[in-house]
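Colleague: Below are the chains, spelled out letter by letter.
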Amino acid sequence: MAEIDRWQAEDLVSVEQADRLRQRYAAPTAAVPWGLLVFASAGAIVVGLGVILLFAYNWDAIPKFGKLALVFGAVVAAHASGLRLLARDGWQPRLGEALTLLGTMLYGAGIWLVAQIYHIDEHYPNGFLFWSLGALAMAWAIRATANGLVATALVVIWGACESIDFHSPRLAAILLLAGGVLPLAWRQRSTLLLAAGLAGMQFLLALSVIHWGGGPHGFTASLAFGVLLLAAARLTTVHRFGFAGGAGVLAFFGWAAFLVCAYLLSFHEAADDLLDWSRDHGSNPALAAAFGWGLFAVSLAGWAWLARRALVRREIVVPREDWLVPIALVYCFGVAALGGRGWELLIAWSFNLMLLGIAAMWMWRGCRASQFQSTVLGSLLLSFVVFARYFDLFDSLAARGLAFIILGGVFFAEAMYYRKIRRNTGGEV
Amino acid sequence: MNLKIAAAVAVLQVLVLGYMAGQREWIMRTGTPLTLRTAPVDPTDPMRGAYVRLNYEISTVPAALCQEETAQWLAVTDYRQQRRLRDRVVYAVLKTNAHGQAELVALQEMPPPEGPYLRGRVVSIDANGIRVRYGIEALFMAREAAIRTEGQALTEKAGAPMAVSVAVGRDGTAVLKDYAWEPLGLTITLHRPPETEPRDPNRPWMQAQRPINAFTATLHNYSDRDLAIVDLPRGRSFRLVPNRLMNADRYTWAPPHDMGAPTPESPHIIVLKPGATHAIQIDLTQPEWWVLDTAQPDAQPVSLAEIRDWTASFRLEYDPPAAETVRGLPHADLIRHVPLPSRAFSPMQGID
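If you read the protein sequences in the order shown, they are chains A and B.
In terms of this note's numbering, the first sequence opens at residue 1314 and continues consecutively.
In terms of this note's numbering, the second sequence opens at residue 58 and continues consecutively.
Some hints could be false.
[As the list claims (entries may be wrong)] Partner residues are not named here, just some residues of chain B that face chain A (Cβ under 10 Å, in silico):
no.	residue
1	Ala67
2	Ala78
3	Arg141
[Stated by the list, open to error] Footprint (simulated), chain B over chain A, 3 or more residues, beta carbon under 8 Å:
no.	region
4	1380-1387
5	1404-1417
6	1421-1430
7	1471-1481
I should point out that these hints are in silico values taken from the structure, not numbers from a laboratory.
Quick reminder that beta carbons are idealized off the backbone N, C-alpha and C, glycines included.
Please model the entire structure based on the sequences and the hints provided.
Modeller: This is the structure we're talking about:
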């Protein structure tokens, strides 16, 4: 529109022509002032952290009630002005959102300041818990992503402190993310908040289950969680739910968890240990097992539903390589449940073949559909597998050399095939 | 977006802060006042700034004072089970002694029906006892003041405990109100026999083990007024106290049975001017300073110089005679009758 105005001013077009040009384009809707939102939110967080540090200096000159008045006044002022702006129109609600975020940061600062004033040295993770609850409640009240992100970070800090410093993992931390943050992310259609929530859940889940049942339980639970996310991603793609970005985020975290687990299992030195639940008991193996099997059951239920839609009713299409994911899950839980030792070569070979299959399918599908992302991801996965085997499978230099020649040949053939398909479909080469 | 709910959340945040401050303020004004003894050490908290870490005498609970469920915890040796016990809520039953200081009577899992008690959480457990924190272990202050306080603990107030005033609420929650250095400090210097055996020429840095055979105990008057101390012959104003944190009650002080307490006389009472010190030599090879290893059947008391156990640990405690024993003697009114422990020491390793 500004361009048309300039043309009109320079007499390149007449007034009538300018009007007709304007009518061809829809009137711009009021855009979300992302710059204002991002910078104001960042400012609120930084100011909040600054206030915490400032209070931490613990000025002797300010009397106790002076400090209390400062912190109470700051929280009230930030929230009051934030709520006032939220009630207005235009760009002001965005600034209001940032001010409520500042209020939440000041609330957190207040928790530590009151603890400082009264020399409270109790169970310090509780400070993060109450702070996160305040942030999460505010995030829901005003549907604010920034408050949600702060709440996510605080829940993760709380859970990590309980697990690492007090050896007491909190199931409630995972549930808070699952029940408090993820639904908000979904409601707000916020891929950023969804990504943060899933990353936090994955981290806390691994940390907690390792504490409860040891490394192997943590490993299988993480694998089951990844498989569950992939089922959720596929369901989201099928049903759309009006949140297109959500499927991508779910798939990213699902594939990341699954591929990391599969990659580790492709090393025969690690395969046995990672699936040996009898090794390295934690503080509550029964809870770890319940968690792992619970995720396993939900994941399989999700994939069973997909199978029904895709294989029985033929309503949807699921890429063939995706079926390797639930199969791998059943395989891993089966081996772990049987407590079989000495199967490391079988497991490692299975997962090598599985990874190669996925890589080959991604490369082939990527080339066929001229999808650069799939092609590159498949190639990267193939490279990772070949490089991993450089160290443990190919003993001789001749075998290593041959492997690289074959890998290079595959890439070369892939490049030519990709070029050919792109040319045939009229895309850029 | 619902602004009313948002306003309610904001009010809730303020109420949380208000509850935190209000509860502490209420306890400070209405709680049972107690005085606890500590020795300070350092660090900094990233969220709350500089503070002095307070280590209370009641923070280390010897096995003998663990009651009910807490006594059974001492038998737990599996580290996973010990981990589970960490952070469990416990109650320290206290009584105020004749010197106005709170003393630990028992540690139990349930709060007692009455009497002053502190609510704490388990830090660690071993066979010798339980370490407990009561939520009053941090004394927050400006960084400069914290550094100054730490420095005082090592120099200007060396060997003086800190007396911390707390108020205790009905549920055992303690709030730290104030602190002050005690007026009298006790420092010790350990002496070892001279090195007699020649060192290995191939390893000249290696010394033969030489356990301590004597002390110099120095009493310091850190107050701004005169204080009197009692220096009984042969160091008899002092006693050896086993450090239960290190070795429970394995080593006990075993002076001869016929060693009666000497009666204080005028020359034994020494007035210390503000800033003055008084040093007392103690020969640990004398029978009145021998100790008994209770873990050895038919063991006889031995000198500290003969102990080769690295875990053996003790404190020297200045234990002045009771007020009635010195009544009528000159400057008796200046005598402070509160026992004063030194820092812990090991015959093999030195001062902790």
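Colleague: So, for every hint listed, does it hold in this structure?
Modeller: Here's how the hints hold up against the structure:
no.: 1; hint: Ala67; result: holds, 4 Å
no.: 2; hint: Ala78; result: holds, 5 Å
no.: 3; hint: Arg141; result: holds, 6 Å
no.: 4; hint: 1380-1387; result: holds (count 3)
no.: 5; hint: 1404-1417; result: holds (count 3)
no.: 6; hint: 1421-1430; result: holds (count 8)
no.: 7; hint: 1471-1481; result: holds (count 3)
Violated hints are absent here; each numbered hint is respected by the structure.
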